[in-house]
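These protein sequence lines are chains P and V, in that order. Per the numbering used here, the first sequence starts with residue 1, numbered consecutively. Per the numbering used here, the second sequence starts with residue 1, numbered consecutively.
Source of the hints: derived by calculation from the structure; they are not laboratory data. Careful: at least some of the hints might be erroneous.
Heads up, the list lumps identical chains together, so a pair's fine if it works in one copy or across two of them.
[Claimed, not checked] Taking lysine-lysine pairs in the BS3-like style, the calculated list, with each CA pair at most 27 angstroms apart, reads:
| no. | residue 1 | residue 2 |
| --- | --- | --- |
| 1 | K104 | K291 |
| 2 | K175 | K217 |
| 3 | K232 | K84 |
| 4 | K217 | K320 |
| 5 | K217 | K307 |
| 6 | K94 | K41 |
| 7 | K232 | K217 |
There are 2 protein chains.
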Amino acid sequence: MKMHLKVLLPALFLATVLRADPLPSWNPGPSKQSVIDFVAKVTDASSEDYVPVAERIAVFDNDGTLWCETPVPPQVNFAAHEVKRLLPEHPEWKEDPFVQALLKGDFAALGDDHHKGLINIISKSHADRSPEDFAAAVTEWLATAKHPKFNRPYNETIYQPMLEVLLFLRDHGFKTYIVSGGGQDFMRVFAWDTYGIIPEQIIGSYSQVKYQTKDGKPTLTKTLENLFVDDKNGKPEAIYRFIGRQPIACFGNSDGDQAMLEYTTLANPHPSLGLIVHHTDAEREYAYDAKPIASGQLVTGLPAAEKYGWTVVDMKQDWKTVYPE
Amino acid sequence: MKMHLKVLLPALFLATVLRADPLPSWNPGPSKQSVIDFVAKVTDASSEDYVPVAERIAVFDNDGTLWCETPVPPQVNFAAHEVKRLLPEHPEWKEDPFVQALLKGDFAALGDDHHKGLINIISKSHADRSPEDFAAAVTEWLATAKHPKFNRPYNETIYQPMLEVLLFLRDHGFKTYIVSGGGQDFMRVFAWDTYGIIPEQIIGSYSQVKYQTKDGKPTLTKTLENLFVDDKNGKPEAIYRFIGRQPIACFGNSDGDQAMLEYTTLANPHPSLGLIVHHTDAEREYAYDAKPIASGQLVTGLPAAEKYGWTVVDMKQDWKTVYPE
Chain P
1 MKMHLKVLLP ALFLATVLRA DPLPSWNPGP SKQSVIDFVA KVTDASSEDY
51 VPVAERIAVF DNDGTLWCET PVPPQVNFAA HEVKRLLPEH PEWKEDPFVQ
101 ALLKGDFAAL GDDHHKGLIN IISKSHADRS PEDFAAAVTE WLATAKHPKF
151 NRPYNETIYQ PMLEVLLFLR DHGFKTYIVS GGGQDFMRVF AWDTYGIIPE
201 QIIGSYSQVK YQTKDGKPTL TKTLENLFVD DKNGKPEAIY RFIGRQPIAC
251 FGNSDGDQAM LEYTTLANPH PSLGLIVHHT DAEREYAYDA KPIASGQLVT
301 GLPAAEKYGW TVVDMKQDWK TVYPE
Chain V
1 MKMHLKVLLP ALFLATVLRA DPLPSWNPGP SKQSVIDFVA KVTDASSEDY
51 VPVAERIAVF DNDGTLWCET PVPPQVNFAA HEVKRLLPEH PEWKEDPFVQ
101 ALLKGDFAAL GDDHHKGLIN IISKSHADRS PEDFAAAVTE WLATAKHPKF
151 NRPYNETIYQ PMLEVLLFLR DHGFKTYIVS GGGQDFMRVF AWDTYGIIPE
201 QIIGSYSQVK YQTKDGKPTL TKTLENLFVD DKNGKPEAIY RFIGRQPIAC
251 FGNSDGDQAM LEYTTLANPH PSLGLIVHHT DAEREYAYDA KPIASGQLVT
301 GLPAAEKYGW TVVDMKQDWK TVYPE
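Isolated chain P, as found in the complex (with noise of 0.2 angstroms):
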């Protein structure tokens, strides 16, 4: 068969579009084969597997998915730091013992009951003070802070993988939200640098925030009041409350990301993608599941993941590269 070069250089043109890797830091597999799959199948307007653009709609835990969370969680060490930094205007937090073990650098002695101590011992530097203050904080303690184990600041200690998957799904009208135990506030301050997520797509752990005019200027405060824990259950609560339907996709790496990839993916009248990043790599990053340093525990996640058919990323295996640059 012949074909005229008019016809033919588009359709080269075209091949080498199709061809060029959307994913360069994953290696060859089927963990990054189920995430381009996927999308070529919900974006093929001749498919039945074809999902409107309005409802393609990804959700990302942060911790341990899309940022390292090992030893702790980044907001844990914020946490420290800005307590020390306020201790002198709050001396009663001395008598917390939360509080005592944070100043001990004793991270491990709030392991037991890790999510809500972790949640409660934040929200004390977090409340009393408006959005704009704490976001300073968080602003100035990300360009001094560096992670013990990488020497990187914090928000680049972000998994260059998960940014190519973003990007990827974005790329192909995606929205991409964050769902995520850690503090919604927090999050914000550096999810639209970090991640090009903007705050209205923003979903984690929050309390009450109070509203008042004071001197003819509107202001907000935050307070500790009716705080929401973004984790397990609360994880698909909160899709529904702020998205309001079923994500498509759903990204996410701990027990605690279990409901809302169940969500996600079971009795979704569209096709949906559920993935579960393994930490297996000592090496490069943190190997554990049953038993991390403090946060990220994997134990019912993985027979699930085996039964409903999600794809578990090996990280030792499946990426190339961990951090970017």
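Here the structure of chain P is known, so what remains is to put chain V in place on it, guided by the hints.
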């Protein structure tokens, strides 16, 4: 000066486009002009008032701002309809004075503490059911119920001039949100079709939903717990929680919108627009401010509008038409 036709034609075309009236249902005057001037200003890349697309957030109250709230907000009629329909399953409701008032059609009896009373009574017919079941009930009600004065479905007692504002803003890169005392789940059922506003951009009053897995199927159940009333100070608080930053345009009609009008227009680093729909048209709609029938009291909002330079729309003077068609 002589211009070649190929230069002149695009210029004429551009002038025609620029002259095309984006708000055809508005009579000429300062109200209409304030909206047009604001949009021109913040979208002019050469102006120091320019606002990047990502910051173009506009918030709209619903009851009395986008649709008719008189004689009672339509959601109250839905609640009455549902309470009657579900009463056989909940005989205990008969003891409730609010239910008794509803069944008698005595909406005025809910007036004293109206927002709390209305929302509580609404909650009764909204809880202990799945979002899907609830949405189906709203859809069925919308298809059959009619407004007592206008004899048209409630999703057609919407204000044509405000639909044009929604479109005009979206055509200029604005993200349009509803921020209403009405039920978030209730509005999400029809707002996409009716206003072109997707579920994640609907903020309203809400209670907790609970997630659980039943027979391997994820389910959510609406409850009455942790009611959040999205009115007065709750509006800026919800805007912060759901959107995470200050809007630059705010549209309301009652004192319940005053806090979010202040939050939008005071101490905003960007130019901003505040607008109040004043119900002055007893013939084509209703005339009320200090003494509404059930909802939409406007007393402190009028001097605040004067003080802060918000646009006050005189419905009778400023709107050429009220409802679509």
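A quick look at each hint next to the structure:
For the homomeric pair K104 and K291, the shortest alpha-carbon distance inside one copy (22 angstroms) is at most 27 angstroms, but the shortest distance between copies (61 angstroms) is not. With identical chains, the CA atoms of K175 and K217 are at most 27 angstroms apart between copies only, with a shortest distance of 25 angstroms across copies and 34 angstroms within one. Taking the shortest alpha-carbon separations for K232 and K84, neither the intra-copy value of 30 angstroms nor the inter-copy value of 37 angstroms comes in at or below 27 angstroms. Taking the shortest alpha-carbon separations for K217 and K320, neither the intra-copy value of 51 angstroms nor the inter-copy value of 36 angstroms comes in at or below 27 angstroms.
Proximity of K217 to K307 under the C-alpha cut-off of 27 angstroms is restricted to the inter-copy arrangement: shortest distance 13 angstroms between copies versus 55 angstroms within a copy. Neither within a single protomer nor between protomers do K94 and K41 lie at most 27 angstroms apart by alpha-carbon distance, with minima of 56 angstroms and 53 angstroms respectively. Taking CA atoms no more than 27 angstroms apart as the test, K232 paired with K217 passes between copies only; the shortest distance there is 16 angstroms, against 38 angstroms inside one copy.
Consistency note: the structure conflicts with the earlier hints numbered 3, 4 and 6.
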